[in-house]
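Trainee: Sequences are here, hints too, so could you generate the full structure?
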Amino acid sequence: MLHDCKLNRRTWLVRSAQTAAAVMASSPLLPLLAAPKSRGFKVGACDWSIGKRCDPGALEMAKQLGLDGVQASMGDPEGNSLRLCNPELLKAYQAAARQTGMEVASLAIDAMWQGPLKSDPRAAVWLADSIGVCKTLGMSVSMICCFDVEPSSDVAGTDRFVEIMKEIAPKAEKQDVIIALENWLSAEDNMRIIERIGSPAVQVYYDVGNSTDKGRDAVKEIRTLGKLICELHFKDDKHLLGQGRIDFKKVREAIDAVGYRGWIQLESAAPNGVMVDYKSQGQFVRSLFPRSDV
16 MLHDCKLNRR
26 TWLVRSAQTA
36 AAVMASSPLL
46 PLLAAPKSRG
56 FKVGACDWSI
66 GKRCDPGALE
76 MAKQLGLDGV
86 QASMGDPEGN
96 SLRLCNPELL
106 KAYQAAARQT
116 GMEVASLAID
126 AMWQGPLKSD
136 PRAAVWLADS
146 IGVCKTLGMS
156 VSMICCFDVE
166 PSSDVAGTDR
176 FVEIMKEIAP
186 KAEKQDVIIA
196 LENWLSAEDN
206 MRIIERIGSP
216 AVQVYYDVGN
226 STDKGRDAVK
236 EIRTLGKLIC
246 ELHFKDDKHL
256 LGQGRIDFKK
266 VREAIDAVGY
276 RGWIQLESAA
286 PNGVMVDYKS
296 QGQFVRSLFP
306 RSDV
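So the number in my numbering is just where the residue sits in the sequence shown, counting from 1, plus 15.
What the hints contain is simulated information worked out from the structure, not anything from laboratory work.
Certain hints may be false.
To be verified - Think about it this way: if two alpha-carbon atoms lie no more than 30 Å apart in a straight line, the pair counts; the simulated DSSO-like pairs of lysine-lysine are:
{"#": "1", "residue 1": "Lys253", "residue 2": "Lys264"}
{"#": "2", "residue 1": "Lys242", "residue 2": "Lys150"}
{"#": "3", "residue 1": "Lys57", "residue 2": "Lys242"}
{"#": "4", "residue 1": "Lys229", "residue 2": "Lys294"}
{"#": "5", "residue 1": "Lys235", "residue 2": "Lys57"}
{"#": "6", "residue 1": "Lys229", "residue 2": "Lys57"}
Mentor: As structure tokens, then:
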């Protein structure tokens with residue numbers, strides 16, 4: 016049965032209040048946080064980066080590019096829900112996955128760029144909805160764009176963000192779904208926010224390009240965040256991967272040090288066009304991050 020996205024905030028709050036946050040050691044999420052090294056890596060692409068935002072056609076394009084799947088945008092608001100909550104669209108994604116053999120690895124609630132969780136009442140419903148969409152499509156990560164969260168300059172807004180996350184995280188935890196934070200914050204700030212929320216269902220969607228843009232050492236931050244990283248974006252501003260500022264061999268060393276194995280999503284530049292550059296960049300990433308370790 017397809018997930019019914021018409022979950023209002025009051026219903027959700029009642030439901031989430033009944034679920035207590037578990038400690039990390041006993042959480043059913045633990046296997047997701049510490050995958051064995053033999054699992055290797057899967058390489059995909061953000062659907063918006065290949066011109067297929069919230070479009071099941073992204074899976075066929077991923078296949079043509081030699082990738083393993085995509086990160087799917089939940090799209091724009093349509094009424095009280097986001098586009099990917101449409102049951103017919105969910106069926107189309109399921110059909111495309113079967114036909115292509117590709118995976119939808121994770122979701123991205125990119126509508127939060129315009130409707131932030133800390134200030135837009137719709138965003139909490141979008142996030143709660145995304146948990147059900149994850150279960151329908153067989154994935155475990157829902158990424159939220161929270162670039163507006165800034166603990167040092169907006170204490171009240173950060174407090175509100177934490178409060179809402181405390182309300183929603185228990186449902187994600189119960190469903191073995193990870194809510195992944197993507198933002199401009201340092202590793203330390205992310206760790207403090209996650210500690211305040213107090214749920215193992217809340218982790219970091221780490222983007223090596225975002226951190227580098229902010230003048231931070233991505234390799235060091237990966238080592239600092241460790242098992243709080245649930246998925247990765249690879250980009251390097253306008254550069255093709257391996258031809259810019261970031262040393263991806265050192266990134267691999269850091270990833271090995273923290274034991275991460277799982278999805279890497281390309282969100283990189285494509286000056287020569289997606290079909291050319293995403294195919295070659297996928298091959299580059301695969302050379303350093305193979306499907307299985309030797």
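Trainee: Are lysine 235 and lysine 57 close enough, with their CA atoms no more than 30 Å apart?
Mentor: This hinted pair holds, its Cα atoms lying about 23 Å apart.
Trainee: Is the Cα-Cα distance between lysine 242 and lysine 150 30 Å or less?
Mentor: Status holds; Cα separation ~22 Å.
Trainee: What's the verdict on lysine 57 and lysine 242, does the C-alpha distance respect the 30 Å limit or exceed it?
Mentor: holds (17 Å)
Trainee: Straight-line Cα separation of lysine 229 and lysine 57 no greater than 30 Å?
Mentor: Cα-Cα ~27 Å, so holds.
Trainee: For the pair we were handed, lysine 229 and lysine 294, check the Cα-Cα distance against 30 Å.
Mentor: holds (28 Å)
Trainee: Would you mind confirming whether the straight-line C-alpha gap from lysine 253 to lysine 264 stays at or under 30 Å?
Mentor: Holds, at about 19 Å.
Taken one by one, the earlier hints all hold for this structure without exception.
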